[in-house]
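Since the structure of chain A is provided, determine the placement of chains B, C and D on it from the hints.
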Amino acid sequence: MIEETKRIGMERFFGSYQSMFFITLTMFIIYPFVVSDYYIDVAFFFGIYALLGLSLNIVLGEVGLFDLGHAGFYAIGAYTTAILNTKFGVPILILLPLSAAAAALFAYLVCSPIIHLRGDYLCIVTIGMGEIVRIALINNPFNLTGGPNGVYGIDFPSFGGPFVIDSSIEYYFLIWIVVALSIYGLIRLQNSHIGRAWNYIREDEVAAGASGIDVRHYKLLAFVLGAALAGVAGNIYASKLMCVSPESFTFWESCLMFCIVLIGGMGSIPGVLIGAAFISLFPEIFRPFAMYRMLIFGTVMILMMMFRPGGAWPRKRGGIGFASIFAKKDVTDD
Amino acid sequence: MKIMKYLAMIGVLMCICMPWNAMAAAKPVVIGLQGPITGPWAYEGQMAKQSCEIAAELINQKGGILGGRMIEVRVVDDAGEPKTGALAAQRLVTQKDVVASISTYGSSICEPASTIYEKFKKVNIGYGVTAVRLTQRGYKYFFRTCGRDDSQGQFFADVVPAKFGAKRIAIMHDNTAFGKGLAEDTKRALQPMIDDGKLMIVYYDAVTPGEKDFRVTLTKLRETKPEVWYFTGYYAEAALLVSQAREIGITCPFVGGNAAINDEFIKIAGLNIAKGCYMTNEPLPADLPYEKAKEFLKAYKDKYGEIPSSPWPIYAADALNIIAYAVDNTGSTKSDVLADYLRDKVDGAPGITGPIGFTEQGDREGVPFYLYVVDDEGNIVVSK
Amino acid sequence: MDVFLEQLINGLTIGSFYALIALGYSMVYGILKLINFAHGDFFALGSYVGYTVLVFGSAVITTHFGLWGGLMAAMIIAAVCVAFVGIMVERAAYRPIYPAGRLPAVVSALGASIFIQNTIMVIWGPRYQAYPASLIPNIHIQIGGLHITMLQIVILIMSFMLLGILYWIIQKTTFGAAIRATALDKDTASLMGVDFNKVIFFIFTLGPALGAMTGVMVGMYYRQISFTMGWNYGLKAFTATIMGGIGNLPGAMFGGLILGVLEMFGAAYISAAWKDVFVFLILILVLIFRPTGLFGEKVAEKV
Amino acid sequence: MTDFNPRNAQPVVLETRNLSKVFGGLTAVNAFDAQVHKGEICSLIGPNGAGKTTVFNTVTGIYNPEKGHVIFNGNDITGHKPHHIVSTGIARTFQNIRLFPTMTCLENIMAGQHCRISSGLWSALFKSARQKHEERETRAVAESRIKQIRLWDYRHELAKNMAYGSQRMLEIARALATNPSLLVLDEPSSGLNPKETEDLMEFLTGLIRKEDITILLIEHDMNVVMGISDWVIVMDEGKKIAEGHPEQIYHNPRVIEAYLGSNDR
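Protein chains in written order, with our numbering: chain A, 6 to 339; chain B, -12 to 371; chain C, 1354 to 1656; chain D, 14 to 278.
Check each hint, because a few of them may be wrong.
Residues of chain C placed beyond 12 Å of chain B at every Cβ, according to the derived structure [as the list claims (entries may be wrong)]:
hint	residue
1	Phe1357
2	Ile1367
3	Thr1416
4	Arg1444
5	Tyr1484
6	Gly1517
7	Ala1530
8	Ile1578
9	Ser1579
10	Tyr1622
11	Ala1626
Derived DSSO-like pairs (lysine-lysine); straight-line CA-CA distance at most 27 Å [stated by the list, open to error]:
hint	chain 1	residue 1	chain 2	residue 2
12	B	Lys174	A	Lys92
13	D	Lys173	A	Lys321
14	B	Lys285	B	Lys49
15	D	Lys160	A	Lys321
16	D	Lys160	C	Lys1539
17	A	Lys92	B	Lys127
18	A	Lys92	B	Lys106
19	B	Lys288	B	Lys262
20	A	Lys321	D	Lys140
21	A	Lys321	D	Lys51
22	B	Lys150	B	Lys127
FYI, nobody ran anything at the bench for these hints, they're computed from the structure.
The structure displayed is predicted, hence computed values, not measured ones.
Note that CB positions come from ideal geometry on N, CA and C, so glycine has one too.
The following block holds chain A by itself, in its conformation from the complex (with noise of 0.2 Å):
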């Protein structure tokens, strides 16, 4: 009898989850041709805050790695793309997948000696971690990065010759289909052996090594996955403002990018994406406040942690998720 009612029900629901979806997606395409510049660079920033809420959310969100050192994958892959372009004159859409190898490169140095420890030991390691590469960017070693001036002039990405991007819609457009193809592969991830694994070491790492998974194997790939996507962030951000300085990837970043993925809801892709909406809109629309915007801020981060501690969309366990709107059949139905 159980059987019945649950498919009744995921039917009525799939059906009307895939109309609301086409509907945000329209809204998405016509946004920016109704609003000023301004609004559209407001969501080119929404965007931003959304990869770089889903690069945390595979760290913190699916393998429940206390990791608030984040922004400093952020800013190699920005001073990646800065140097580069700036020195050498690498064009920057081949940048992008750079910036993203080398902060994944980094990541998996930093991370491979000290993967194995654990909750608030790992929390103060990336904390560390991150203000390293802060500290570093502000002295300017071998003046690659150009010290608290950062690095200035980075040119648009173009697609060669007369397609260049640099007006607000394309750069809204960019990033946003980064972010969307972003969700795609994390929701393939996630359906896959990879994501369960990772939500097997975030439930109980001893009896995950027990039934045969590579702890070390999949928290490494964690953190260099999550580090690869915020130096996509990082890339398109540097191209954006043409010039890079350390004060954007402080300590602070870290944290805005934690509470993304809390308030959300952790590893819940959806609640990523309203966790950036609110923090990165919430600043913008309460500009006029000026003075007491951060009051109001802070008491709404409390507010949204006690009346929704699992987050504003957390991730359905038992079968229905988010998922299931993208694969052919129900994912875990027979």
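Same frame as chain A, but now just chains B, C and D:
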């Protein structure tokens, strides 16, 4: 359905940002001001806001410009951070009634902002941005009313070693865009004298802004036995450095950059320590001989009870004055007309910080530097 | 040689501030395992309250209590006010979120931290405030090449005194045992008759109060306070607690001292610009070889 | 110690030679030698603190032994990582249940199949044929295992919501999902009522008959040990004190003394 509720929430969030552009008021000439109203430099931002409002009031009292049109200052907060700096510029640029804008404090925030103003062909004048590179990008619409790091560095090299007969120079900066830039330019200016052996730099290092305890660094400095010590950072760290330096027995004269010494510095360090400290600085508001300066300072003091404690807000007020001056004389609010007028026609225009003129790249012409000293009664005077 | 000694004393002074803040921090952290980002701002709030007491009460202080009395008064009033704020923050921001686990509590702590930081900015204004120099005794003592101020000595003594009292309360008294029991296992402890609310009340008064006293001491010693200083002192306290080992109060104390000395070595013998990098590298090395901190007991994973 | 009928003649599956493990000053396991033959149910019994679970954890790679070797199917797996040992064919359960609480029962069992999957990140991202096949394979194995423990109707239920007895069976099913050749169970019957213990014993003996698997058991419940084990090894204070068929062990004076303590001590 719960899920639909959440999706609707995303939609609503997007609509909230739908444009409720301020209706373009026909009458007033609107000048944008972008500054760090919140964040670590909130104090600088708020002083700049107050200075611009006072400058606008003074002009409006005299009948405004373009035959009676009032000046309105529209302030946007950029929280002293590059991303919000770009967003603030975007916000001002898309409001059609904003004629020109005074853009911000802090070189690395002005960088992305000025690029956006350039793309939208909007005149923008920086007031607290001394990084040399800002005017080396060949931008048509970017100007600045404050001086540049290299001119202050050159002034230090010409005046200070000779005055104290110092052979061993110590330079310390605070790793901020402004502080490090000035330190590097000073070192470059001293290079010729170092090459022919007249003097040498015995100490060149940074302190971390926001720190409180510098005894360790200062003990290291003391061991290098400097004869003059130049600190290019802000007054908060400068006050701590000098008081702790005197406590551990560093007696060599202290020279600060143009953001190091103000009445806050004297209050924190205490008079007996601040006494005898020098500073390389553009003319301070207090002793600006110009008639416009006295009028401005009196109005500011009447309203806020004290004059601004650093030179940057004064440059913001001057930026507003020069925009109003250009709009009034050219009779138009079009950016191209204003940009050409400012670049070519303006030299010696009356300003609070002295005659205002701009070089080809948009730098402020002829910003004189003086060597100031804190005298026994605690006021900052030009030293002989 | 005495330069090294002087540098060591400098390091220990910074270390003693870190130790005190770390102790106040690990009162909350050790027991509730709550990363209390707001602790740095309790510290800043304390220094501002102390500032107000000294500025407005300066006439009274100089006539009746004299300098040291004035400072004591400032510290006590600051401690009481901030303790009260601590209780309110716990009731408003943390109590409803205990059942939800530790990660949501971190976000709430971040929210509380921003709230307090900006409240200070709204009340006292964004400017740097300066402790009135006239009220602060600065007597220099010179032994050989060594330059020490009386204040430095008083602060070192006071830090160790406070640490001693707290160590005694936690390790030796029955109430201290109750606190340590709650730290290890909240539920079992409450089954054994330990009133969780009393323990929370004690922690959230003593922790912030200790932070506030340190805030006044920092204000006295450096004479300059800003509303954003809480943030990086809070981070230093968290680092010191972890280096010492979680839940180990004496560990937090020594972690703070070691952190101060490490910073001294970094600034003196490498370069001030790379000081923090040096400290974090050492911390990471410590954690690689001793995954539960210097003094944290090695908890074997019970399978 | 004469044993009247020889142990079954199957080859040795698992052997520990001179195994010893020390915690601080305490020698939990002291030069422990044991063999487990193919296709038998071998029980490891002894009073609390005899070092049974420590031997288990050393065999399954959770602890590294100070001395001695663990040989499995002829190759030395001493000190290997737990996940490596699982892939060579030893699967285990825990004394206190360690499931994945907020995941469904089906997902819990699918964890066992993980070490059999060879497709990597890219095939997962681009849904290669091999990856799809392995996913179906994993699902099929998990579904057969969940039917085997008769929890099919609860496959979408969260593990933490299941009854204690079902959670025990879930953990065994997860271990079986790794297609092990040696199943290592740590007090599987603890916390079960007599009916459930009965089902468990029947399940284990059925397993031995149907699948080519060997079972090593830690157990306190004597009628389980006597009921289903082919061979019993007795430990006390880290050392092996006796070994033999259940009946022999039942009457062995040293075993009784170890358990009940002798009256003259």
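For each hint, the structure was consulted:
Its beta-carbon lying about 10 Å from the closest one in chain B, Phe1357 of chain C breaks the requirement of being farther than 12 Å from that chain. Annotated as non-interface, Ile1367 of chain C brings its C-beta within 12 Å of a C-beta of chain B; the closest such distance is 5 Å. Non-interface status of Thr1416 of chain C relative to chain B is upheld: no Cβ of that chain comes within 12 Å, the nearest being about 22 Å off. No beta-carbon of chain B comes within 12 Å of the beta-carbon of Arg1444 of chain C; the shortest separation is about 28 Å.
Its beta-carbon lying about 8 Å from the closest one in chain B, Tyr1484 of chain C breaks the requirement of being farther than 12 Å from that chain. Chain B leaves Gly1517 of chain C outside its interface by the beta-carbon criterion, the shortest separation being 24 Å against a cut-off of 12 Å. Listed as a non-interface residue, Ala1530 of chain C keeps its Cβ farther than 12 Å from every Cβ of chain B; the least gap is roughly 37 Å. At the 12 Å boundary, the C-beta of Ile1578 of chain C falls inside the reach of chain B, the nearest C-beta of that chain being 9 Å off.
At roughly 7 Å, the least C-beta separation between Ser1579 of chain C and chain B is not larger than 12 Å, which violates its mark as non-interface. For Tyr1622 of chain C, the shortest C-beta to C-beta distance to chain B comes to about 9 Å, within the 12 Å cut-off, and the non-interface label is violated. Residue-level check failed: Ala1626 of chain C sits 4 Å from the nearest beta carbon of chain B, not beyond 12 Å. With a C-alpha separation of about 24 Å, the suggested pairing of Lys174 of chain B with Lys92 of chain A holds against the 27 Å cut-off.
Taken as a hint, the Lys173 of chain D and Lys321 of chain A pair is honoured in the structure, with Cα atoms around 15 Å apart against an allowance of 27 Å. For the hint linking Lys285 of chain B to Lys49 of chain B, the alpha-carbon distance of about 16 Å falls within 27 Å, and the restraint holds. At most 27 Å may separate the alpha-carbon atoms for a hinted pair to count; Lys160 of chain D and Lys321 of chain A meet this at roughly 25 Å. Our distance criterion of 27 Å between C-alpha atoms is broken by Lys160 of chain D and Lys1539 of chain C, whose separation comes to about 40 Å.
The hinted pair formed by Lys92 of chain A and Lys127 of chain B meets the criterion: a straight-line CA distance of about 25 Å does not exceed 27 Å. With a CA separation close to 24 Å, the supplied pair Lys92 of chain A and Lys106 of chain B stays within the 27 Å bound. Only pairs whose Cα atoms come within 27 Å are accepted, and Lys288 of chain B paired with Lys262 of chain B is accepted, the gap being roughly 25 Å. With a C-alpha separation of about 23 Å, the suggested pairing of Lys321 of chain A with Lys140 of chain D holds against the 27 Å cut-off.
As the CA atoms of Lys321 of chain A and Lys51 of chain D are separated by approximately 44 Å, the hinted pair breaks the 27 Å bound. For the given pair, Lys150 of chain B sits about 40 Å from Lys127 of chain B by alpha-carbon distance, which is inconsistent with the 27 Å threshold.
This entry does not satisfy hints 1, 2, 5, 8, 9, 10, 11, 16, 21 and 22, going by the numbered hints stated previously.
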